[in-house]
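Novice: Got chain F; can you put chains S and Y on it based on the hints?
Chain order of the listed sequences is F, S and Y. Residue 399 in my numbering is what sits at position 399 of the first sequence, and the numbering runs on without skipping anything. Residue 368 in my numbering is what sits at position 368 of the second sequence, and the numbering runs on without skipping anything. Residue 273 in my numbering is what sits at position 273 of the third sequence, and the numbering runs on without skipping anything.
Simulated from the structure, these hints should not be mistaken for lab results. Incorrect hints may have been included.
Below 27 Å or equal to it, Euclidean Cα-Cα: the simulated DSS-like pairs (lysine-lysine) are [claimed, not checked]:
#1 F:Lys397 <-> S:Lys260
#2 F:Lys186 <-> Y:Lys397
#3 Y:Lys192 <-> S:Lys397
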Amino acid sequence: MGLDAMLDSVWVLFSAFLVFFMHAGFALVEVGFCQRKNAVIVLTKNLAVISLASILFYLVGFGVMFGDGNAFMGTSLFAPGADGTGAALPTNMPLFVFLFFQMVFAATAATIVSGAVAERVKIGAFMALVVVATAFIYPVVGHWVWGGGFLSTMGFHDFAGSTVVHAVGGAMALAGAMVIGPRLGKYDKDGKAQPLPAHNIPMAALGVLILWLGWFGFNGGSTLSANPEAIGPVILSTNMAASAGFAAALGYVWLQGDHKLDLGMGLNGALAGLVAITAGADVIGPLEAIVVGAVGALVMVEGTRLLDRFKIDDPVGAIPVHFFAGVFGTIAVGLFANGDDKGLLHGGGFGLLGTQALGALAGALFAGAVAAAVWGVAKVTIGVRVDEEHEIHGLDKAECGVDAYDLTPSLPQPPVEAA
Amino acid sequence: MGLDAMLDSVWVLFSAFLVFFMHAGFALVEVGFCQRKNAVIVLTKNLAVISLASILFYLVGFGVMFGDGNAFMGTSLFAPGADGTGAALPTNMPLFVFLFFQMVFAATAATIVSGAVAERVKIGAFMALVVVATAFIYPVVGHWVWGGGFLSTMGFHDFAGSTVVHAVGGAMALAGAMVIGPRLGKYDKDGKAQPLPAHNIPMAALGVLILWLGWFGFNGGSTLSANPEAIGPVILSTNMAASAGFAAALGYVWLQGDHKLDLGMGLNGALAGLVAITAGADVIGPLEAIVVGAVGALVMVEGTRLLDRFKIDDPVGAIPVHFFAGVFGTIAVGLFANGDDKGLLHGGGFGLLGTQALGALAGALFAGAVAAAVWGVAKVTIGVRVDEEHEIHGLDKAECGVDAYDLTPSLPQPPVEAA
Amino acid sequence: MGLDAMLDSVWVLFSAFLVFFMHAGFALVEVGFCQRKNAVIVLTKNLAVISLASILFYLVGFGVMFGDGNAFMGTSLFAPGADGTGAALPTNMPLFVFLFFQMVFAATAATIVSGAVAERVKIGAFMALVVVATAFIYPVVGHWVWGGGFLSTMGFHDFAGSTVVHAVGGAMALAGAMVIGPRLGKYDKDGKAQPLPAHNIPMAALGVLILWLGWFGFNGGSTLSANPEAIGPVILSTNMAASAGFAAALGYVWLQGDHKLDLGMGLNGALAGLVAITAGADVIGPLEAIVVGAVGALVMVEGTRLLDRFKIDDPVGAIPVHFFAGVFGTIAVGLFANGDDKGLLHGGGFGLLGTQALGALAGALFAGAVAAAVWGVAKVTIGVRVDEEHEIHGLDKAECGVDAYDLTPSLPQPPVEAA
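Chain F with its partners taken away, still in its complex shape:
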C-alpha cells in the first residue's frame, strides 16, 4: 500500500473518530434540552442507537449502501470480511477503514430521530425505527447518492449529507413526532405552545461544541482523501457557516423579541448552519458559507415556529435543524457554489437547482414515508407512546428505576431568601 493511500486512511480514521464523538454531542444536547425526569432514558436511547446501529450497519446496512446491486439499493457485501470484494467503492482505502467511517455516519442519521420523539416515545417503538433506519432507510438513500444509485447518475451533489444524513434523519423524526403526538402539557387548550424548559443548559451547550468539533470530521473526512487543498476549504467553510448560524439565530431572535439572548436558539443556529453547509462544503467558499449558515439558521428559527403552529412537538428542535436546514443546504448548492464548480456540477437534465431540489425531495419523502409506516405499524401493535402516568412522573423512574441526579447537599443549606 502506497504512502498516499495510507495517509488517506489515517485522515479518514481520524475523521471517523470525530464523527463518533458527535454521539456524545447529540446525547448531551438531547439530555440538556429535555426535562430532568427523562435524562436517563434519553441517554439509554442514545447509547442503544450507537450499539444497535453499529452492529446492524455492519451486518446489513453497509451492503445495502455500497454493495453491488441496482439503482435503488445494493445487494452484496453483508457482514464483509476485511478483504471484502463485491463492490466498486469510491476509494482505494482498506474496506474496514471505509466501513467504519460509514458506520458512524449511519448511527448519526438514526440518532437525529431520538430528540424529536423524546420524553414520550416507547423505547420498543423507537428501537424498531432504529433497526429499519440503519439497515434499510438510511443505506438506501445513501446508495442513491453515494453508492452509485440513481441520484448520483443524475448529477445530484450532496457532499457530506445535508440530505443523505440530515434531511433523512429529520424526515424520520417528523414522521415520529406526528404519529406520537406532543408531550402532555406542551400545547394549552388554545393550542399555544408552553415552555417545558431545558433542565441543563450547560450540558446542551457542551453538546453543541462537541458537535461543532465533530463536524470537522464529518465534512473534512468526506473528502475521503488527505489532500489539504480539498480539506482546507471544506473546514473553513464549515466553521464560517457554524459561526454565522449562531450569530444569525441569536441576533434574529434578539431583534424580534424582548431583547433576550436566546442561547438555545443560538445553539440550534450553529447546528443549522453546520447542517446547511454540509451538502456544499466542498464547492462553497467562505464568504458564501457565511450566507448559507446564516440563512440556514433563519430557516431553522422560522421552522421551529411553524412546527408549533401545527402542534408538532419537537423537544430539541431536531426537525428544524436537520430536516429544514438540510433541505435548504442541499438546494443552496445550486445557488452558492463557486462559479468553477457550478460548471462541473451541471446537474443533468433538470439543471443544478432542479436536481438538488429533486434529490432532497426524494430522500426526505422516501425516509419520511417508510418511517411513517414503521411508526404506524408500531402504533397499532406494540404502541408508540408511554403511559400517561409514566410521562408525568418521568420515564427514568418508570423505565430505568433511577433518578438521573442525587444532588441533595450532605449538610443542610441555609434557606434561600426572597430577593
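Specialist: Below, chains S and Y alone, put in the same frame as chain F:
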C-alpha cells in the same frame, strides 16, 4: 527520517492524545457514579494520578518497562534525553513520541484503582499506591509482555493490554477494596448490598462515551504504525465489542430483573466489552468481536454480583470491568483469534490458551500481591481509611473544604407538589 | 503537492481541531467557576466569541497578522481566496489550512478575557472588545512575533504564544477587570476577599482536562510540520509542565494553609504550567519543563493573592493564569532553554533574556493599553457594567430570560436531616 516513520509517529501521537482524553472519561465515570459529597476529592485524585504518573513514569517507569535489563525488568533509560539510547525499542519512532504514548497508558493503569477505593480511601495511601504502581508494578508487567520480558518470549499475546493495563489495574483495585473495606452503610446487617446511588448519571454516561472514543486510540495506536490494513480491523473490532457489550449487559439485566433498563450496567457493559477485546483486537474479526464483547459484559455483570456476595465494595465497578473482563479478554485470544493468526500465535509450550491464562494469572497475581503489600503497609502506618465522621459528611468538606456544586436557584422556586 | 506537505497539513488540521476544542474547555472552566445564576450568559458569551472571532479574523485579522505590510502590521490578505497570495507565509501548506489554524488561536486570545470580566460585564461592551481584539490587538502582536514584524527580527522567541496569545489575552483581561470593578460583595468593607463559590466544580475540572488535551494541538501544531523529532519533545515538555503545575499549586497551598486540597488552585496550576511552557516547549527539555511548570504555577498562586490585595476581581483566575504565567514563561525561555538551542536563540542586541522580557512587555503593554482604551470608551458610551439588580439576581434571568438548570426532582424527596 522517512515519510513512513513520520506517518507512524503522527498516528501514534494522535492516538496518545485520545488515550490522554480517557482520563477525562475515567474522572467523569467515577465522579458520576459516586456520591455528591465526594465529587471534589474524586476529581482531585484523578488529576493527581495524571500529574504524578506522568512525572514518575518519565523518571523511572519507562526505564523499568523498556530499558535494557533482564527477563523481569529493565534497568536503564531513566529520565532519558530525546536521543535516549540503551534499549531496543519495538519501533523506529523518536523516543519521546513512543515514551509519551506509553506514559498515558501508565497513568491509565493507576487510575483504574481510583474508582474501586473511592469515597473512603485516605488520599495519602492512594498516592503511595500510585507511586509504586506507575514506577514499578505496571512497568514490570509491561516489561514482561511488551519490553522483551519472559511472557513475550513465551508467546503470550496481549495486543493493547487486557492484562498489562486492565487486569493489572483491576487487581491492584481489588487488593485496595479488600484491605480498605466497604463504605459505611453499603452492606446491611444481613450482608445485603444497599444502593448508594450515583449522583450524576449524565456525567457518567459522558465519561463512558469519552472512554469509548479514547479506546480507538488505545487499541488503534497500539499497532505502533500507520498501516491502515492493520488499523482498520482493530478499530472495527473495538467498536463491535463495545456495542455488543452495551447491548448484552442492558438486555441481560432487563430479562432477569423487573424489566428495568439499567443504564449503569449498560455503560459498564460497553467498557467491559472494550476491555475484553483489547488483548486480541488485532487478531479477532468483527463477528467474533461481537461475541467477545457480549461475553465480557456478562462476565462483568456476574462479577459485580459476586463481589457483593463477598462484601467487596467497588463504587464504580472497576474490578469487574477491568479485572474480570480483562482476564476473560486475554484468554479469549486463545478461543476467538482468526484461524490464520492462531497459527502464528502458537503460544509456545503451553499452547495458546494455556499461555494466555498463565500470562493473565502472572500479571494479576504480581500486581495484586505487590499492591496488597503497599495497601497493607499503608494500613499500619499512615492509615488507608478516612475518619468515620468525614466519610459520613463527605470528603469534600473534610479534605477540600468546598462543595462540588452550588445549585441553589437565585430566586425561590415554587414548591414541588406531591404527585 | 508532495506527500510531506500533505502530512504537514494533516498534522496542523488535526492540531487545529484540538485547539478548537479548547473553546469547550474555556467555556466549562468559566461556567463551572462562576455562579449558577450567570451560567447561561457565560456560555452565550463564549459561543459568541467563537462565532465573531472566526468571522472577523477571516475578514480582517488574518491580513493584519500575516499580510504583507510593515514591522507593525500586515495590510493585505483580507478575506482571502483559497489561492490567496500577497504574503510570505511561514509554511508551504495551503492557505486555508494555515488560516484555520490561526483562526482558532485568535479566538483563544479573545476568550481569555471572558472569564476575568464574568458575572458583571455588559455583553455589548464585551463584544466590542472582542471585535477589536480579534481584528486588531491580537493580530498586531501576532504580526510582530510570527508575521515578520519587529519582534521577530529582534530574535524574540515565543514558540506557541505565551506572550502572543496568553499574556496578550491576560492583559486585555486585566484592563477589563480594572475598568469594570469587582463583583458586588466580592470585597467586604475592610477590603477582604469573600468567597463567591464555584457553582459546578466537576464542570470546571472537565474543562481543564479538555484544555490540557487541546494544548497538545496548541503547542504540537505550532511546529507547523509533521516532523516527530520536533513534535515529540514539544508534547512531552507540555505534559510535564502541566503535571508539575498541578502538583505544585496543590502542594503549595496544602503546605501553607490548613491542609486542605484546593482543587481549584490545582486546576489553575495545571493551566499556568501549560501557559508557562508554551513559549519554549520547543527548546526546553522535560526535566526543565517540570521546573517551568511548577514555577509558573507558583507565580499564578501568588498572582491570585496579589490581585485580591488590589481588589481586582477575576472570577476564574484568568489574569494570573494567562498574564502572569505567560510573562514568566516567555522569560523562562532565556533561563531554561537547552544549551544548543540557547546558542541559536541568541536574542540579538539585548541578549536572549533581555529580548524575551522586552517582547513580553511590549505585547502586554500594547494589548493592555488598547484594551483599556476600548473598555474606557465603552464605559462612557454604552456602559461596561450591568444593572446592580441584574447582577444580584443573575444575568441569566435578566439577559437570557432562562435558568441554567431545572433540577427539581419530579417527585418530592425526603427532607435532609441535620448531621
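Novice: Run every hint past the structure and note whether it holds.
Specialist: Hints, verified against the model:
1. Restraint check: the Cα-Cα separation between Lys397 of chain F and Lys260 of chain S comes to about 9 Å, which is no more than 27 Å; the hinted pair holds.
2. Restraint check: the Cα-Cα separation between Lys186 of chain F and Lys397 of chain Y comes to about 22 Å, which is no more than 27 Å; the hinted pair holds.
3. For the given pair, Lys192 of chain Y sits about 23 Å from Lys397 of chain S by alpha-carbon distance, which is consistent with the 27 Å threshold.
The structure is consistent with each of the numbered hints, conforming to all of them.
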